[in-house]
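Chains as they are written, first to last, in the working numbering: chain U, 1 to 135; chain Z, 1 to 135.
Don't read these hints as lab results, they were simulated from the structure.
Because identical chains share one entry, a pair is satisfied inside a single copy or across any pair of copies.
Straight-line alpha carbon distances no greater than 25 Å define the calculated SDA-like cross-link-like pairs of lysine to any residue that follow:
hint, residue 1, residue 2
1, 103, 85
2, 103, 10
3, 103, 62
4, 103, 22
5, 103, 52
6, 103, 12
7, 103, 29
8, 103, 11
9, 103, 60
10, 103, 86
11, 103, 67
12, 103, 119
13, 103, 84
14, 103, 28
Number of protein chains: 2
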Amino acid sequence: MTTSTANAALAAIRFGADGLVPAIAQQHDTGEVLMMAWMNRDAVRETLETGRVCYWSRSRRALWRKGETSGQVQRLIDLRIDCDGDTLLLQVDQTGVACHTGKRRCFFRRAGEDGLEDVPMGAADPGALYGKAGG
Amino acid sequence: MTTSTANAALAAIRFGADGLVPAIAQQHDTGEVLMMAWMNRDAVRETLETGRVCYWSRSRRALWRKGETSGQVQRLIDLRIDCDGDTLLLQVDQTGVACHTGKRRCFFRRAGEDGLEDVPMGAADPGALYGKAGG
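Looking at chain U on its own, in the form it has when it is part of the complex:
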């Protein structure tokens, strides 16, 4: 993708007062909602220019190149913008797992009659992926 694509997207996005916009990552071919994270202008630009998804880490206050330490990268297939311009939907191709817990996706708990329950899905050992904090 190109700088002009990034410029057009950035012109349409309404970032919040904190300079961030929520970004939902969806596996492009299965429809799984993998995770939700945040992007600032630099993250949007880098993602569109490189084709590798980059978020903004609110806890570390730094660009978060997804998979930089774990290898679990997200390749961008398509970046979509909602009607109000204040939420992004990323169609991605996720290598391995999206969640830092080692689960394929972050939404692995559901509200059940007897409290929270696990949503059945494949899981990997988080310790094998993450030696320390980070994405």
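Once you've looked at the hints, dock chain Z against the given chain U.
Chain Z only, in chain U's frame:
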């Protein structure tokens, strides 16, 4: 669903400083990501107790019973909570359209080489290709 379900969910959700949590609505059988909106504690409780999705409108500063005026209601199938407890994924059955523009879903624009483009509705619906959503 019941009050105990709502209590368990509320205990696990980490609301932001503004008392809100982002909630992604996904059509349960096709995998379409329909919209993203916000919930406060009362909205989560009402949604789980009634089975009809209720958000918090940040602009109106009031509970927003989805479809109350338009008839385009969302029936809750499942409420999922992410690993950090700070984002919700609602599996819903959407009556009609989700977006106030009249589109089926809010993410109808994509970042293209020549600027923003419309996403062809139906054509870019990953869950439909596979018959069942994972997300």
